[in-house]
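**Student:** Residue numbers (our numbering), protein chains in the order written: chain A, 1 to 113; chain B, 114 to 226.
If you're looking for bench data, these hints aren't it; they were derived computationally from the structure. C-beta atoms are modelled at their ideal positions from N, C-alpha and C, and glycine is treated no differently. Where hints are given, some of them may not hold.
[To be verified] Simulated restraints on C-beta separations:
#, chain 1, residue 1, chain 2, residue 2, range
1, B, H123, A, E26, 36 to 46 Å
2, B, Q195, A, E26, 29 to 39 Å
3, A, K5, B, S185, 45 to 55 Å
4, A, S69, B, H139, 37 to 47 Å
5, B, H139, A, E26, 36 to 46 Å
6, B, Q208, A, P8, 26 to 36 Å
7, B, L167, A, Q2, 25 to 35 Å
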Amino acid sequence: QQQVKQSPQSLIVQKGGISIINCAYENTAFDYFPWYQQFPGKGPALLIAIRPDVSEKKEGRFTISFNKSAKQFSLHIMDSQPGDSATYFCAALLQTGANNLFFGTGTRLTVIP
Amino acid sequence: DTEVTQTPKHLVMGMTNKKSLKCEQHMGHRAMYWYKQKAKKPPELMFVYSYEKLSINESVPSRFSPECPNSSLLNLHLHALQPEDSALYLCASSQSPDRAPLHFGNGTRLTVT
Numbered sequence: 001q002q003q004v005k006q007s008p009q010s011l012i013v014q015k016g017g018i019s020i021i022n023c024a025y026e027n028t029a030f031d032y033f034p035w036y037q038q039f040p041g042k043g044p045a046l047l048i049a050i051r052p053d054v055s056e057k058k059e060g061r062f063t064i065s066f067n068k069s070a071k072q073f074s075l076h077i078m079d080s081q082p083g084d085s086a087t088y089f090c091a092a093l094l095q096t097g098a099n100n101l102f103f104g105t106g107t108r109l110t111v112i113p
Numbered sequence: 114d115t116e117v118t119q120t121p122k123h124l125v126m127g128m129t130n131k132k133s134l135k136c137e138q139h140m141g142h143r144a145m146y147w148y149k150q151k152a153k154k155p156p157e158l159m160f161v162y163s164y165e166k167l168s169i170n171e172s173v174p175s176r177f178s179p180e181c182p183n184s185s186l187l188n189l190h191l192h193a194l195q196p197e198d199s200a201l202y203l204c205a206s207s208q209s210p211d212r213a214p215l216h217f218g219n220g221t222r223l224t225v226t
């Protein structure tokens with residue numbers, strides 16, 4: 001059973017456009033929601049993260065929007081650049097004695113010049 | 114570059130071989146993790162070490178044997194692997210077992226022939 005659902009599977013955006021990736025979860029015990037960026041041949045790199053008591057967090061061109069009642073969160077990449085082309089994973093963390101990170105299925109983003 | 118270092122970067126082994134993957138972090142983190150990632154899939158948790166003790170084993174076959182010699186090092190011993198075990202093996206660490214975020218290394222690309 002997929003604990004975190006992510007969409008779309010792939011996304012093509014024009015340079016300068018806005019990329020939006022959505023995630024949804026069911027388990028209300030999750031208390032930390034990170035986004036990871038992964039380039040081919042590399043490990044996932046933490047991009048930005050949010051806790052459920054905050055509705056929005058912005059770091060540079062990257063913004064997380066969080067809707068606790070709907071159990072949904074999304075990543076917005078403003079002014080998308082070709083260098084942003086990568087696979088993005090949302091995740092949700094369950095802290096029950098030991099961190100257990102549940103990943104979404106990933107979104108392959110391509111930003112075309 | 115990540116602060117979690119994994120060696121080797123690539124490994125090819127036969128089904129009768131014994132090999133080890135190594136992971137090192139010098140951030141003073143007390144929780145370390147092994148993940149397995151197949152192509153175009155999210156990482157899947159294998160093991161969690163909390164304060165050098167194994168705290169989570171996600172029903173991983175015994176041909177994978179983790180070891181945590183000290184708080185900075187994590188090994189994954191491999192024996193009698195199958196071709197379907199070919200994947201990217203990722204190590205991660207966090208400040209403590211109940212504190213996010215997780216920081217990932219760049220992984221070891223394992224091919225079993």
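**Student:** If a hint holds in the structure, say so; if it doesn't, say that too.
**Tutor:** How the hints compare with the structure:
1. B:H123 <-> A:E26: 36 to 46 Å: Hint holds: Cβ distance 38 Å, inside 36 to 46 Å.
2. B:Q195 <-> A:E26: 29 to 39 Å: Distance hint for B:Q195, A:E26 holds at roughly 33 Å.
3. A:K5 <-> B:S185: 45 to 55 Å: With a Cβ separation near 36 Å, A:K5 and B:S185 fall outside 45 to 55 Å, so the hint is violated.
4. A:S69 <-> B:H139: 37 to 47 Å: holds (42 Å)
5. B:H139 <-> A:E26: 36 to 46 Å: This hint holds: roughly 37 Å between Cβ atoms.
6. B:Q208 <-> A:P8: 26 to 36 Å: holds (33 Å)
7. B:L167 <-> A:Q2: 25 to 35 Å: holds (26 Å)
Checked against the numbered hints given earlier, this structure breaks only hint 3.
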